[in-house]
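> Here is how the chains run, residue by residue.
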Amino acid sequence: MAATAESLERKDKLEGIGCARKRKEDPRFIQGKGTYIDDIKLPGMVYGALVRSPHAHARIKSINKEKALALPGVITVLTADDLKPLSLHWMPTLGSDVQAVLADEKVGFQMQEVAMVIAEERYIAADGVELVEVEYEELPAIVDPHKSMDADAPIIREDLVGKDEVGHGKRLHDNHIFTWEAGDKDSTDAVFDSAEVTVKEEILNPRVHPCPLETCGCVGSFDKVKGQLTVYMTSQNPHLVRTVLAMLSGLPESKIRVVTNDIGGGFGNKVPVYPGYVVAIVASIVLGRPVKWIESRIENISTTGFARDYHGIGELAADKNGRIKALRFNVLADHGAFNSHVSATKWPAGLFSICTGSYDIPTAHVRVDAVYTNKAPGGVAYRCSLRVTEAVYLIERMIDILAQKLDIDKAEIRRRNFVQPDQFPYNTSLGWTVDSGNYEPALDKVLKAVDYEGLRKEQAEKRANGELMGIGISTFTEIVGAGPTKACDILGIGLFDSCEIRVNPTGSAIARMGTQTQGQGHETTYAQIIATELGIPSEQVQVEEGDTDKAPYGAGTWGSRSTPVGAAAVAKAARKIRDKARKIAAHLLEVSEDDLEWDIDQFKVKGVPDQARTMKEIAMAAYSNVPDGMENGLEAVDYYDPPNFTFPFGAYVCVVDIDPKTGEIKVRRFYALDDCGTRINDMIIDGQVHGGLTEAFAVAMGQLVDFDEDGNLLGNSLMDYFLPTTVETPHWETDYTVTPSPHHPLGAKGVAESPHVGGIPCFSNAVIDALSHLGVTHVDMPHTAHRIWKKLHELGASK
Amino acid sequence: MAKTQVSFNLNGAPVDVLVEPRELLIHVLREQLDQTGSHIGCETSHCGACTVDFNGESVKSCTLFAVQAQGAEVMTVEGLASNGELHPLQQAFMDEHGLQCGYCTPGMLMRSYRFLLENSDPSEIEIREGMSGNLCRCTGYQNIIKSIQKAATVINEAGRDEAKTA
Amino acid sequence: MIPPSFQYHAPGSVDDAVALLSQYGDEAKLLAGGHSLLPMMKLRFAEPEHLVDINNIESLKGIREDNGDIVIGAMTSENALINSALLQEKCPLLPEAARLIADPQVRNRGTIGGDIAHGDPANDHPAIMMALDATFTLVGPSGSRQVAATDFYLGTFYTALEADEILTEIGFAPQSPNTGASYHKLKRKTGDFATAAAAAVVEMSGETCKTARIALTNLGPTALRASDAEAVLAGQVITDDLIDQAAQKAMETCDPAEDLRGDAEYKTHMGGEMTRRAIRTAVKRAKG
Amino acid sequence: MKVTLDKTYPVSASANAAWEFLQDIKSVASCMPGAEITEQSDGTHFKGMIKVKIGPAVAAFKGDIEVKSIDANKRELILLGKGSDTKGSSSASMLLTASIREVANHQCELVGHSEVTVNGKMASFGGRMMDSISERILAQFADNFANNVIARGEGSVADAAAARVAEAPKELNGLAIVWHFITDFFNKLFSRESKQS
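Chains as they are written, first to last, in this note's numbering: chain A, 1 to 799; chain B, 1001 to 1166; chain C, 2001 to 2288; chain D, 3001 to 3197.
To be clear, the hints were calculated from the coordinates, so they are not data collected in a lab.
Each hint should be verified, as a subset may be incorrect.
The calculated lysine-lysine pairs, modelled on DSS-like cross-linking and capped at a C-alpha distance of 30 Å, are [stated by the list, open to error]:
(1) A:Lys445 - A:Lys170
(2) A:Lys661 - C:Lys2061
(3) A:Lys791 - C:Lys2249
(4) C:Lys2287 - C:Lys2249
(5) D:Lys3074 - A:Lys61
(6) A:Lys61 - D:Lys3068
(7) A:Lys550 - A:Lys22
(8) A:Lys448 - B:Lys1146
(9) A:Lys661 - C:Lys2249
(10) A:Lys67 - B:Lys1146
(11) A:Lys666 - C:Lys2061
(12) A:Lys13 - B:Lys1146
(13) A:Lys445 - A:Lys791
(14) A:Lys61 - D:Lys3007
(15) A:Lys67 - D:Lys3068
(16) D:Lys3002 - C:Lys2189
(17) A:Lys61 - D:Lys3062
Computed from a predicted model, the values in this text were never measured in an experiment.
Just chain A, with the same shape it has in the complex (with noise of 0.2 Å):
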């Protein structure tokens, strides 16, 4: 029909939810035009470089920096000593410790910021911390986790002994952290006691980083005249940056702006607040001129937000068919020298307790035990919710070693185990509310698109002639979109998230939110939202975000917050606008508001077509004819909290072929089928999945961040850490089923992160199932050819 026809060009003209429309922030990009944290320059800006320890656990006896100073272009030299008159020698961290901002007369990791020089030139700068003299008397340092709490280990952190809990309970060790516990323990261990079968391994999440491709820096500006503070910064959350500035500095918030532009890729490694970022603002405050401080790379990987480090120990008890009855988790935390662990106040092992995946398990414990050792603070997300990586780990590995023991097949044993769809809203015995799921359709056309009964048939053939191949399935549930107020904050703020839309006079739109995009797209996904609701073409939507003077107040973008949180509360800000706007077309059009209906992009009068108002039309007349008693113009704000988390759910497959000979390993197939609710726009979704599956292939195949036997770090340059190329890169294929969300306004869960989550299962699975016909139940990432081939020769098969 005519009217469908014309209708459907008007819906596509907005470009809006379901359009894999072109990315408004593209043109900039593609052009050099865009502004990352290093393009900043400044009247009269200067330059900080940092003086780091070369000692993972040392005292300073003393700094000298007389030949610093006398080099020609330096203006300061800053120490612990310089901050201690303004008490911001030491700040708080996200994990409810405290952190030196410059060494306080003790080093805790090697690189730790001991001094800041600021010189009128970056070369300048450079050459000062060259000249900057350091004596250190070294101690004896621990690097590993399980020596932390040794009746006789030396005390990694003396300004807190005495101190019998840092935040999160009891310590039980001066290097202890804390002991955090879900679930039932007396009932998991009888059912333990009691179980047909029970299954145990050892199993490391290593440490690594998520190392982005631009390092963190700032810009502190601050105006002595007008009494500001500008700060542009690489950071995921400028809103909460603001507020822990403003409780270090004791300006103002409204004396604050922090500014982040554009940012050159984050994966949790921007959510902290640096050392180095707070020195160069109050070297700025003092000396009353711009100060950049630009990490390098090595710095990067060495200093600022390293992820995991969780030591674990899975087991889980099962009868004889594979059902699980019990699970237990214990997990030995290596948080660094400082616990800097980003985490809501009320979970100091973030959401770890999602550990029970996509099963229904009756009975679960887990416990973890945080430690401090001579490594570098942090503990951050890398693209992932807090610790969720850790707990997905953990439990598709488990399954994995239970079918292994139990000889049942590998999607079998998981399909033995499901939430079934009319369990949902599911409640586990580790306390979440999971709202929604689908997971067996999902493992079924995974499996048939890849034909894995014709993969495990080949796979018994090829082992008959000594020929190595791998099947690794992961059929994982995420936790995102932190979260209710209810259960989380960070320093007291509840991580809602906020939209605020202003609709022009001549129909065009601003929104301006509380997230943070660091490559995301929210440019363009929060336009076509709003294009949706409000009949507004999403290319006239100008979205906004990353300045904390413009922006309403949000937690930002980390831990997949931006579509559950941040595009709810878009949706929820564009529905308070059109109910305003309904009342304005009822007013032009003499109607009653129940007469009319929403049309795309216009109200018209129920069963009178041609009796319509379009948005652009209502937009003009907010400004010029509203009704009796309201107000002109047209907008709205909206602070979202959500009712739950999201849970995103996927199945992956991923076949590899290794080399005997020399333990190379070669990623045949990946296939990715993820569930993230509604889609908005499938080309971003597209390659969100294979971004994460390449930072998923790349802590599963080589990265690391090593260090020796005395904590010197050991490869912590791009020479060194593991960032594939596009050689190694596999090909991804990719798929989906839709589950909305029941709570969420859009049905929408969140994508960026559960190929990163349920990616690094998958390809350990896959290698270890290559072993397993040779009695391998696991082995640790990263799996690089010479651990492969270890392993081979020491079990007689690398010929």
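Given chain A's structure and the hints, the job is docking chains B, C and D onto it.
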């Protein structure tokens, strides 16, 4: 340290700069000449974010002293579009979602620009090898490869059309 | 990551470069491709007072034939080797190996001379040069001299090159008929140095191996010539079993240092495996 | 980053002559290329420095030397040297057990066991090169040691040795060693194995 004058052509226009011998080309391009499209990602010549076209070859400008550019022809991403028209590669990266955070993009574009001049009709494997000196953390490369394939087609078709009309 | 200050010299001739080296002694360093030296300077490990940039010396660049021999200028880039029609026809081994070095951008700056003169056992050209029986021309204050690749490497980063000498040319005979060559390199990823690599040049007559030259990369203090492995093949009818024996001999030649790439046991076994693969391919190519 | 080295070097002199020299700490130290004793605190404690020339880079270590024990019966000396480079970016320590073993009438051996530990920048970027560096230092030390011992004797042999002592490099010639660091820095590419031992 005494500064020396260095003169070269940047995106077709002559430029003169005063530099210390130790100043890296990437710093001079970004800070003295305000061409901030080229980025610094690793400083050890591994990531390729600083890739520029140098005398008709792709080089990593973080591992070249500016004094070595005396008399050189240097092209950066800012010189890729000509008289207001995007280069087919720029258009293709946008059409095929060949970028996310955009940080590696100028290096990707400058490398693929030279790569397609070296190999106008590459296979996927040739593209993967030709782009192996540029790291990306966001895209997983798949759409970057698609973008380069699409640009190659566009450029070749344009070439054929010109040949016809000529 | 900012390099320290230095004085920059860009001589236009070998004589001028040698004069500068003689004048400044070990305060001076040669700058070729710079992809090893610059990161070292940025880390402030290397702080030379003088850098002698030899990129402007045209006479050091190019690939030519000189009464039957192939002669390559020391400042010829890896990509120039890869793209040389002459080499592809008369010494395909060299382009094949060059393609496995670093990445495209680095190969535009990296030079064969820099790779050879480091004496770095991890570099690829030293083993290739041994397999090709190449000769190096070194020029110093007292004129020029010739050193065979097999005599050039005295220890890790310790070569026959004197502090005031420059490697100017590399010469070797083109591949003779009924000869096949191959270089197999195991590495972690694109741009990586070899975990282990082997070069083989094999001359066949029918099923019999007339001569064989085999050399190994990153499996000892220098590139290694695997003479014992060569001896196993020479004059024999090539069989899989014989190739295994040769690989075994190559493993006995290996003395690798453990590093993050792998321990000695792994590297030694990989040396054997790469040798096995290099011989197989070379023999196949020799038979055409 | 720890390296343990066991080395034996021939000395063409009597065991007694060698042992006598070995107890003269200042002279022994001067056998260490680039090393010198700057101050003697007491009978067993000294301050000194060692300059290791690494190609164009010079690493100068300042530190303390302590004589842990002198055992005349075993002809054994135990020295502990600890120091950090003047930039403070690296530190090193060496526990040296040196003893003299008689072989023949005018022939003995210097038997050295040393444990070298390096921390900081050098360990991170050059750690796996400590082996060969320590070896070079010790080899040159042994040379100088032998020459010094012989030089204390008489006759043309002694004169020749004395001449060699005079010529001996005062700094460790590590021209090659800079490349150790360079390639180590490069060679670690994607070698992910832990070197903890």
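> All hints, please: hold or fail.
Hints versus structure:
Taken as a hint, the A:Lys445 and A:Lys170 pair is broken in the structure, with Cα atoms around 48 Å apart against an allowance of 30 Å. Taking the CA atoms of A:Lys661 and C:Lys2061, the gap is about 40 Å. The hint is violated against a cut of 30 Å. Annotation: proposed proximity of A:Lys791 to C:Lys2249 holds, straight-line Cα distance about 24 Å (limit 30 Å). The suggested pairing of C:Lys2287 with C:Lys2249 holds, with an alpha-carbon distance near 24 Å, which does not exceed 30 Å.
A hinted pair counts as satisfied when its Cα atoms are at most 30 Å apart, and D:Lys3074 with A:Lys61 does not qualify at roughly 39 Å. With a C-alpha separation of about 25 Å, the suggested pairing of A:Lys61 with D:Lys3068 holds against the 30 Å cut-off. Using a Cα cut-off of 30 Å, the hinted pair A:Lys550 and A:Lys22 holds, with the two alpha carbons roughly 26 Å apart. At most 30 Å may separate the alpha-carbon atoms for a hinted pair to count; A:Lys448 and B:Lys1146 meet this at roughly 27 Å.
Note on A:Lys661 and C:Lys2249: the hinted pairing holds, with a Cα-Cα distance of about 17 Å set against a maximum of 30 Å. Straight-line distance between C-alpha atoms of A:Lys67 and B:Lys1146 comes to about 54 Å, which puts the hinted pair past the 30 Å bound. For the hint linking A:Lys666 to C:Lys2061, the alpha-carbon distance of about 39 Å lies beyond 30 Å, and the restraint is violated. A distance of roughly 26 Å separates the Cα atoms of A:Lys13 and B:Lys1146; the hinted pair therefore holds under the 30 Å criterion.
Our distance criterion of 30 Å between C-alpha atoms is broken by A:Lys445 and A:Lys791, whose separation comes to about 34 Å. Proposed proximity of A:Lys61 and D:Lys3007 is contradicted: the alpha carbons are some 36 Å apart, above 30 Å. For the given pair, A:Lys67 sits about 36 Å from D:Lys3068 by alpha-carbon distance, which is inconsistent with the 30 Å threshold. Restraint check: the Cα-Cα separation between D:Lys3002 and C:Lys2189 comes to about 29 Å, which is no more than 30 Å; the hinted pair holds.
For the hint linking A:Lys61 to D:Lys3062, the alpha-carbon distance of about 15 Å falls within 30 Å, and the restraint holds.
The structure does not agree with the numbered hints 1, 2, 5, 10, 11, 13, 14, 15 stated previously, though it agrees with the rest.
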